[in-house]
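Chemist: Chain by chain, the residues run as shown.
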Amino acid sequence: MTNQMYSKDWEALSAYLDNQLGAKERARLEARLQTEPALRGALEDIRQTRAVLRQAPRVRAPRNFTLTPEMAGRRATRRPRLYPAFQLAFAVASILFAFVVVGDLTTTSPILSDVSYAPVAEQAAEAPAEAETFADGAASESIVVEESAAGETQDEAPYPSSEEAPSVEKAAESEEIAGVAPEDGAAGAPDKVTPPADHEMMSVTDDGEEPAAAEPAEAPPAEVPPRGDDEQTTQSPNTPGPPPQPAVEESASAEEDLEDAPTQPTQPQDISAEPRADNREFFRAVELILGILVVASGVGTLYLRQKAR
Amino acid sequence: MDEVGLIQDAKKGDLNAFNRLVLAYQDMSFNVAYRLLSDPASAEDATQDAFIKAFRNLHRFRGGSFKAWLMRIVTNTAYDELRRRKRRPTTPLEPLNADQEAIETPYWIADPSEKPEEAALRAELGQAIQNCLARLSDDFRTVVVLVDIQGMDYAEAAGVVKKPLGTIKSRLARARLRMRDCLRGFGELLPATFRLEKERQS
Chain A
893 MTNQMYSKDW EALSAYLDNQ LGAKERARLE ARLQTEPALR GALEDIRQTR
943 AVLRQAPRVR APRNFTLTPE MAGRRATRRP RLYPAFQLAF AVASILFAFV
993 VVGDLTTTSP ILSDVSYAPV AEQAAEAPAE AETFADGAAS ESIVVEESAA
1043 GETQDEAPYP SSEEAPSVEK AAESEEIAGV APEDGAAGAP DKVTPPADHE
1093 MMSVTDDGEE PAAAEPAEAP PAEVPPRGDD EQTTQSPNTP GPPPQPAVEE
1143 SASAEEDLED APTQPTQPQD ISAEPRADNR EFFRAVELIL GILVVASGVG
1193 TLYLRQKAR
Chain B
25 MDEVGLIQDA KKGDLNAFNR LVLAYQDMSF NVAYRLLSDP ASAEDATQDA
75 FIKAFRNLHR FRGGSFKAWL MRIVTNTAYD ELRRRKRRPT TPLEPLNADQ
125 EAIETPYWIA DPSEKPEEAA LRAELGQAIQ NCLARLSDDF RTVVVLVDIQ
175 GMDYAEAAGV VKKPLGTIKS RLARARLRMR DCLRGFGELL PATFRLEKER
225 QS
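These protein sequences, in sequence, are chains A and B.
Per our numbering: the first sequence = residues 893 to 1201.
Per our numbering: the second sequence = residues 25 to 226.
Calculated directly from the structure, the hints in this document are not laboratory data.
Any given hint might turn out to be false.
What the hints assert, rightly or not - In silico DSBU-like cross-links for lysine-lysine, where the CA-CA straight-line distance does not exceed 35 Å:
| id | chain 1 | residue 1 | chain 2 | residue 2 |
| --- | --- | --- | --- | --- |
| 1 | B | 186 | A | 900 |
| 2 | B | 187 | A | 900 |
| 3 | B | 110 | B | 139 |
| 4 | B | 91 | A | 916 |
| 5 | A | 900 | B | 91 |
| 6 | A | 916 | B | 187 |
| 7 | B | 110 | B | 187 |
| 8 | B | 186 | A | 916 |
| 9 | B | 35 | B | 91 |
The following block holds chain B by itself, in its conformation from the complex (with noise of 0.2 Å):
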């Protein structure tokens, strides 16, 4: 059944329904809550909250991009953690210890195709990435993840988080800039074909 038909009968309360449409997206949810909080079980149980709301609030579901509205949810469900941590700062949000090793273990997608030294080093620089996007503000940090790494374009970004397509611009360029500078310092940690390079010939 295809996405539209699946919807019409979950906004009937087909429970059924709408876990294969939870079934779809809950890769693309966790990580996108995942990459906003830098900490797999804040990102579990805001991923569990996300679906939960949107079943209970199908019914505001109009048409247009479900992926969008879902998306939504979950950003906004992340955000919510976010400002209670800033409340009350408990968890780490530096995925690194001391010696730049990752504590938690990542859920890396494996490739089956990639050799493990490959596989590997695309773990370290998913860690890399994350430590870098953990400093960046919570906007900031929002554009780079749905338009950089979920692919998401400006139009669909600019859905997600209800803003203007001037804000979306200007954020990911910001963001981007600080990214490259985290990623940068980084240096000879991250393979060679993932460096940045930090000469520039101008």
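Bound conformation, chain A alone (with noise of 0.2 Å):
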């Protein structure tokens, strides 16, 4: 028989040969194999058949496939060409502008410590509010933060006030993991620089009080580190992401301690200030350029980003 018609025999044949029958089937057509020739000539067949279909040559891929950056993490569009210029002004903003509040930080006395909050702290509230929809700046801006957490909790500890003493220690704790600081300082210092501190917050929070600008401090750090775990494909590190957020909730019971003693920093400051007043002045002035620097270029590269999608 040299033309097979499809039977169920066919199928039977077909899966006896890549051994797929179940015990009993392949009995019962083992058996039928022995008396039945037909059935040994179409089992011979599929065989002939596989074993060609083997022998097919392998076909080698011409070429490379592997992905570019821009196959793997965009869609259809492209991105802007401006995009790239974006993101290095975002990112050269943002390093100078740590390095200028870390040197601001530095040079200032521990004694004024608390002034040194002030910059900080506007600077911390009002980029990190500003930029809570920007998810690169998140990670910038965390360091940022904890960065002068490690400076102050160090500053705070020999600080003389009883009352506060405490309160601030408890917060230091962690206020170190969540870079939470600017709000003890945004507390702690509105007194003498009251007006663009109050200026800058109040542009950003609804109300001026002294606990309530601690707040929205707060809050953006908090929101911060969850847009910072968003991105993950080309940006700065975000490894600041999870920590600082359950650390936040703790700080904001000690935040609240605070409350009462904003006033007692305050008055070294009016004593002696202002020989450092240039100083402070200079690198304000230097922070709030690379501030706005860091905003702009941030609003930039989330904007062109959100075109592309």
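From these two lone chains plus the hints, build me the complex, please.
Modeler: Below, the structure written as structure tokens:
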């Protein structure tokens, strides 16, 4: 028999060849194979066909199909050309901003550490609040905030105020992680630096009260870490993402303790702040400019990214 | 690094890790795509698209056979092209022209131990097989390509096309029957070693 019509037998033989028959079925088929030559012939047909197919040469990939970053991350649309420029501007501005802030902190004396809260506070309050939607801004902001926290917690310890010390230290522990020391400073030094601080914060918050002024500064860093988690593909390190958040909630209670203390730290500022005023003002001006650059480049980056989607 | 490690890294967004997977699977992927589509250019597009889709959908891979998961994407991508062709048939499906000569140059992998004449014969065989595959229906062709050409077992093939084992069994049997008849038609074109016996001793 040369032309085999399709039949149940053919299917059974095909499966038998591939060891896909159950034990009972196999036994039955093997018994029939002994006695039915046509069945044997059909089996041999399938075996040969399969053998020929297995001889088919393998086709080599004509080129490498590895993905470029463009293929991997983006949809069909391309990013606008300006996007990398904005990204770079944002990165550079953020780094410079961080450097200046650190420089500001380290060049001012420990006694005036509270004063240094103010520029950090206003930048931290202003930039994070506006950078709420800036995924890329999250990482550098939390880096900035953490650095200022690191500087401040050291400075807080020797502080003479008895009322404030326990709550400050309690806040300091969680703040080291959360980097929310700026609220402490925001609550701590509104008197001396009230005009710019309140001005900055009022533009951000609904009410200009001291405790409330501290809270918006607290809230943005809490928002910042989750945003930082969203972006993983291209941008700067997002490592400070999750940890700050729970610590932020912890420090909220510590925050309330500080509400009574705000006036005290301002006293020494009145006495000895003036000689360093020029220095601070210079730093503050630079920080302000850089902060604006950070925000502007962040806005531009985000806008271009949204546009590309 | 083993495949599992590469996959885990790739899932986190490590493109380099994914590209190493690409290099490991691109021959197989292109093979399947080419056998399904019979056209190298379409197969290239389908293969590239499949890898892009795979990377973007890695979060959906939850373990098991990565090969089967990837081949599923490749076959689905090839199916998309097949459906597109049916709506707008422009690409010739026959890889051989009227003189039974190959139109495109196949990208056969050269076996270094093979003599040139053997390689030439194998190339002819490849064309004949491709010609016969092209005449099958999409479903039958897929099963034959996965099982007999790619060497998957029934379970793996069932995982790729997401059909029950019984369906794989019957589709494969039918496809083999048709391939047998088609290859016999080539008869003299096939070298003796490959030729299927026309006369069967009953």
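Chemist: Against each hint, give a clear statement of whether it holds in the structure.
Modeler: Tested hints:
no.	hint	result
1	186/B with 900/A	holds (23 Å)
2	187/B with 900/A	holds (20 Å)
3	110/B with 139/B	violated (40 Å)
4	91/B with 916/A	holds (32 Å)
5	900/A with 91/B	holds (31 Å)
6	916/A with 187/B	holds (24 Å)
7	110/B with 187/B	holds (23 Å)
8	186/B with 916/A	holds (27 Å)
9	35/B with 91/B	holds (16 Å)
Violated hints amount to a single one, hint 3; each of the other numbered hints is respected by the structure.
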